[in-house]
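Enquirer: Sequence:
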Amino acid sequence: MAEKLDDIELKFDGDPVKRLDGAPADAVIASLNALQRMIYIIGMRSEGRTLSERLKPTAKVKREYAVVCRAPISGSHVQPFNVASQSGQYTASAVAAREKLLKTLKAFDSGKEELVEQALPNARERWFMAKAALGLIPPEDSGLEVTVRTGSRGPFSFKADRARIILSKYQTGNPPDADEDIIAGKLRAIDYGQTILTIKPSHDPAFRMDYPLLLEKWLQANVRRRLKFSGKPKINQKGDVSSFKDVYFATELEPTLEPIHEFRAGTQNIQATRPLSIPVTVDWQDRVFAFRDKELGIDAYAESYSDLRQNVLDELDVLWRQYALAPNDELDSEAQLVKVALLARFKGATE
Numbered sequence: 001m002a003e004k005l006d007d008i009e010l011k012f013d014g015d016p017v018k019r020l021d022g023a024p025a026d027a028v029i030a031s032l033n034a035l036q037r038m039i040y041i042i043g044m045r046s047e048g049r050t051l052s053e054r055l056k057p058t059a060k061v062k063r064e065y066a067v068v069c070r071a072p073i074s075g076s077h078v079q080p081f082n083v084a085s086q087s088g089q090y091t092a093s094a095v096a097a098r099e100k101l102l103k104t105l106k107a108f109d110s111g112k113e114e115l116v117e118q119a120l121p122n123a124r125e126r127w128f129m130a131k132a133a134l135g136l137i138p139p140e141d142s143g144l145e146v147t148v149r150t151g152s153r154g155p156f157s158f159k160a161d162r163a164r165i166i167l168s169k170y171q172t173g174n175p176p177d178a179d180e181d182i183i184a185g186k187l188r189a190i191d192y193g194q195t196i197l198t199i200k201p202s203h204d205p206a207f208r209m210d211y212p213l214l215l216e217k218w219l220q221a222n223v224r225r226r227l228k229f230s231g232k233p234k235i236n237q238k239g240d241v242s243s244f245k246d247v248y249f250a251t252e253l254e255p256t257l258e259p260i261h262e263f264r265a266g267t268q269n270i271q272a273t274r275p276l277s278i279p280v281t282v283d284w285q286d287r288v289f290a291f292r293d294k295e296l297g298i299d300a301y302a303e304s305y306s307d308l309r310q311n312v313l314d315e316l317d318v319l320w321r322q323y324a325l326a327p328n329d330e331l332d333s334e335a336q337l338v339k340v341a342l343l344a345r346f347k348g349a350t351e
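According to my numbering, the sequence shown is numbered sequentially starting from 1.
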């Protein structure tokens, strides 16, 4: 579990606060709901879920991505909050969601389209995040000011008045079609005669799509398992993804290849401190199977599903001899990080 992070401050100011000696309840509720919806969108995206106007977070997303409120600071109009799991843990996924939330709020605060696009390059995700952030914007005639900052001494991440103009562009209209979207679902069935597979996302209707015959053995290994697909989606009239026009990549969420417990490097037998699982990624267009682990420096490819595991073993052999056994003064900074990661993950003589 990560160490506790400083709370984020949601502050209310302006004439209504002074008159009421506190922020109006509807403004507080709307603001917290907006922040929670943004966090759910981030969580849904990270889990490979579909974004639609009928956004319904899964139980896992609700459990892992929550806006956790503290008691308001006495004598102030500040509502401290943070992003954690529902049990209050600062998990890696919750911390990443917090960072993306603040990055997004800063982009909206800038009022510059190019900065918003940099923070949220996916147009469909950008539309839904902006639509959710509208809940932080009070009516112009309310006299209410809403701000978010990263702590009592931190810089402002968001001021409603500065973000009002750019967010107002998302008050009407429909979400754009996605150039690329990600969907996770269980491979329910394979129709071998028509080379069609059926995918069932957790909370969306099942859909069918063609598959390349060369991928059939890999698909057979993944029947009843969850896969994550990336591609150009087809959007139905309800705004939901109904299928894919083109699939770019598909990745296992439940690895099927036998994990690696040990490998040979020259004459050495290198043991893993914990099994290295191999979630396969398939380049749908080029029919190539791949496994990458940036931290360990692994970037293995194979033309067949059955050959990928051996290629990963061969890659580990090379990486161990070229990085783990190399003196530090022969490695640049990035290579030294790979060496540290290899030595932490595997046990073997280095002298």
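Keep in mind the hints are simulated off the structure, nothing from the lab.
All values derive from a computational prediction rather than experimental measurement.
Hints should not be assumed to be uniformly reliable.
Stated by the list, open to error - Straight-line distance between alpha carbons at most 20 Å, and here's what the computed EDC-like set of lysine to aspartate or glutamate pairs gives:
(1) Lys-11 to Glu-254
(2) Lys-62 to Asp-15
(3) Lys-131 to Glu-113
(4) Lys-103 to Glu-113
(5) Lys-347 to Asp-283
(6) Lys-228 to Glu-47
(7) Lys-347 to Asp-314
(8) Lys-228 to Asp-283
(9) Lys-294 to Glu-334
(10) Lys-186 to Asp-286
(11) Lys-103 to Asp-7
Said to hold, decoys possible - Taking CB as the label site, the calculated pair distances span:
(12) Thr-198 to Asn-174: 38 to 44 Å
(13) Leu-20 to Ala-92: 55 to 61 Å
(14) Ser-87 to Glu-216: 40 to 46 Å
All residues carry an ideal CB built from backbone N, CA and C; glycine is no exception.
Enquirer: If a hint holds in the structure, say so; if it does not, say that too.
Expert: Results for each hint:
Distance hint between Lys-11 and Glu-254 is unfulfilled; the C-alpha atoms sit about 43 Å from each other, more than 20 Å. For the given pair, Lys-62 sits about 35 Å from Asp-15 by alpha-carbon distance, which is inconsistent with the 20 Å threshold. At most 20 Å may separate the alpha-carbon atoms for a hinted pair to count; Lys-131 and Glu-113 meet this at roughly 15 Å. Distance restraint check for Lys-103 and Glu-113: the Cα-Cα separation of roughly 14 Å lies within the 20 Å cut-off, and the hinted pair is therefore satisfied.
Restraint check: the Cα-Cα separation between Lys-347 and Asp-283 comes to about 32 Å, which exceeds 20 Å; the hinted pair is violated. For the hint linking Lys-228 to Glu-47, the alpha-carbon distance of about 9 Å falls within 20 Å, and the restraint holds. Distance hint between Lys-347 and Asp-314 is fulfilled; the C-alpha atoms sit about 17 Å from each other, no more than 20 Å. Taken as a hint, the Lys-228 and Asp-283 pair is honoured in the structure, with Cα atoms around 12 Å apart against an allowance of 20 Å.
Pair hint Lys-294 plus Glu-334 holds up; C-alpha atoms about 11 Å apart against a cutoff of 20 Å. In summary, the hint linking Lys-186 to Asp-286 is not supported, as the alpha carbons are separated by about 23 Å, beyond the 20 Å threshold. With a C-alpha separation of about 16 Å, the suggested pairing of Lys-103 with Asp-7 holds against the 20 Å cut-off. Judged by the Cβ atoms, the range 38 to 44 Å given for Thr-198 and Asn-174 is violated: they are separated by roughly 28 Å.
Separation of Leu-20 from Ala-92 is about 40 Å and departs from the stated range, judged on CB atoms against 55 to 61 Å. In this structure, Ser-87 and Glu-216 meet the distance hint of 40 to 46 Å, their C-beta atoms being roughly 42 Å apart.
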